[in-house]
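Residue numbers 1 to 490, in this note's numbering, belong to the letters of the first sequence in order.
Hints should not be assumed to be uniformly reliable.
Straight-line C-alpha distance at most 30 Å; calculated BS3-like pairs for lysine-lysine [what the hints assert, rightly or not]:
id: 1; residue 1: K432; residue 2: K413
id: 2; residue 1: K223; residue 2: K126
id: 3; residue 1: K390; residue 2: K482
id: 4; residue 1: K70; residue 2: K93
id: 5; residue 1: K127; residue 2: K70
id: 6; residue 1: K127; residue 2: K260
id: 7; residue 1: K427; residue 2: K333
id: 8; residue 1: K54; residue 2: K70
id: 9; residue 1: K328; residue 2: K341
id: 10; residue 1: K349; residue 2: K379
id: 11; residue 1: K157; residue 2: K100
id: 12; residue 1: K290; residue 2: K252
id: 13; residue 1: K162; residue 2: K70
id: 14; residue 1: K479; residue 2: K349
id: 15; residue 1: K162; residue 2: K126
Label-pair distances were calculated between CB atoms; the ranges are [to be verified]:
id: 16; residue 1: N422; residue 2: S331; range: 55 to 65 Å
id: 17; residue 1: Q372; residue 2: K290; range: 44 to 54 Å
id: 18; residue 1: G60; residue 2: D475; range: 23 to 33 Å
id: 19; residue 1: G73; residue 2: E346; range: 27 to 37 Å
id: 20; residue 1: S220; residue 2: E289; range: 35 to 45 Å
Calculated directly from the structure, the hints in this document are not laboratory data.
Think of the CB as a built atom: it goes at the ideal place given N, C-alpha and C, for glycine as much as any other residue.
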Amino acid sequence: MPDKIPENKKVVTRFAPSPTGYMHIGGVRTALFAWALARQNNGVFILRIEDTDKEREVPGSIDQIVESLKWLGITWDEGIGVGGPAGEYLQSKRLDHYIKYAKELESKGLAYADPYTVEQVDEFRKKSEAEGRPFLYREYRPENPPAWDGTQPLRLKITNVKTSTWTDAIRGELSAGPEALDDFVLIKSDGYPTYNLAHIVDDLEMNVTHILRADEFISSVPKYLALYEALSITPPIMATLPPIMAPDGKKKLGKRDGAKDILAYRDEGYLSSAMLNFLVFIGWNPGGEKEIITPEEFIQLFDISKVQHSGGGFNEEKLHWINKEHLKLLSQKEQLDFVLKYISSEFAKACGEEKCNRLLPVIIDRISYGKQIRDMEEKGELAFALTIPKLDIHVLNWNGKQSSAETSQYLEKISEIFSALNDSNMKIETIKDAVMKYANEFPQRGAVLHPLRYALTGLANSPDPFTVAYIIGRDETLKRIKIALELLKS
RNA sequence: GGCCUCAUCGUCUAACGGUUAGGACAGCGGGUUCUCAAUCCGCUAAUCGGAGUUCGAUUCUCCGUGAGGUCACCA
1 MPDKIPENKK VVTRFAPSPT GYMHIGGVRT ALFAWALARQ NNGVFILRIE
51 DTDKEREVPG SIDQIVESLK WLGITWDEGI GVGGPAGEYL QSKRLDHYIK
101 YAKELESKGL AYADPYTVEQ VDEFRKKSEA EGRPFLYREY RPENPPAWDG
151 TQPLRLKITN VKTSTWTDAI RGELSAGPEA LDDFVLIKSD GYPTYNLAHI
201 VDDLEMNVTH ILRADEFISS VPKYLALYEA LSITPPIMAT LPPIMAPDGK
251 KKLGKRDGAK DILAYRDEGY LSSAMLNFLV FIGWNPGGEK EIITPEEFIQ
301 LFDISKVQHS GGGFNEEKLH WINKEHLKLL SQKEQLDFVL KYISSEFAKA
351 CGEEKCNRLL PVIIDRISYG KQIRDMEEKG ELAFALTIPK LDIHVLNWNG
401 KQSSAETSQY LEKISEIFSA LNDSNMKIET IKDAVMKYAN EFPQRGAVLH
451 PLRYALTGLA NSPDPFTVAY IIGRDETLKR IKIALELLKS
């Protein structure tokens, strides 16, 4: 088995999911690695759909897969929606290809029709298990199988029972005992091929050079090797990815263990670049101390030989952090567009574009993902930008730590300070310098700062008063201070 | 049960056979002009166990142990 492809051969990788539901992070990561490998080698990336099990098929899956890949910026050169030299990329439309190879194998005596019913095979299985041995169909192989008429399953005849050894691009030398080799089904009784046959035929016809897949396939590789041999095909390079484990236990992450639809992350307000960054770092690392990378950097840095052997856990807190970092990387315009997607249209309209822009840092600093913007709005944390707050005189007096007379005195002075500022001075730093100069005259600056901040926001917790004043503007600031002063007089 | 794979801080991970075993997330503590957030600084914390090879093992070998996967007319 080759572990390198010839210099003159183009790298061709594929992502070949079955349409059995939404895509979760495990599948996406496999796609990402295969895609990066093709892209960094100026190769070809194929999207093929393996829909040979009509029982498990879920309508709408293909659209969801396509949408998920597109969201992440994964583009394919051949396959679903774009076509390509192999013609069809939906396996159910390629049945004639599989039948052709199946017939060839049967005519060479390398495959045979399975004359037994499912029940009979089950009995063989029970018999073996009762004897404490693993079930191997080949031990019950019929001596004179009937001619294959297409209604029976067609099985590969394993003629050389041996220990299999092969090289994996990630794991290195691998092997499996003869128990891993059995007469497996190539064509099912419904006429559809199994994955075992279909993927091998397709990878051959589509010139695939590297197969990347999750480690649950590792124990089936000896069977694939036997089929490659029967078909006289040189196997592509195989790379076995480590599993992604569930966050809590140590189970492999699957849909039953809470693996979410990748599109749910999009809807919750994660950036696709952050999702990509997060996913590719599970089971792979470029080796440096860089933690935040863009999709472009990923393509450049990805190195299949540096993929981890052991399983990695899914850690949502790291995802939060990564998303935040990617949010900071956005331009102001992009940040605004992002915020606008999650904030209510009423708020955005009332706020206006200029004020929304000034509000941006306040929001971006306080969230990890988009949905939290809506939470902030609903909790009233952003209301200060639009409306004059309702004030509580006790809170205004620094929660009762000082008298109304004292508070009034401070606010009067601050009002003068703001009056002295002109529009070009209404910058956060300028406001801060002016107000702090005054506040520093007191042993506890909170005596001045708290009433100001509260008068402007009406919130126990809020952004600092300088930022707030900058956002709402000088006139609105003066107005709110005046309202607070009136309350103190009453 | 058979076969296979894997094993570094709680988590993701780094370390030509030679490092005080590094970074990041989380946690904790502090600074940064009242609060929240952000930011900066610091702290806690790991080579599964046992043999062997070697001057020297996280790294190589073997044996345990633990975890995961697989034993379909699913992929």
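Review point. Hints broken by the structure, by number, lowest first?
Key: Those not satisfied are hints 5, 6, 13, 16, 17 and 18.
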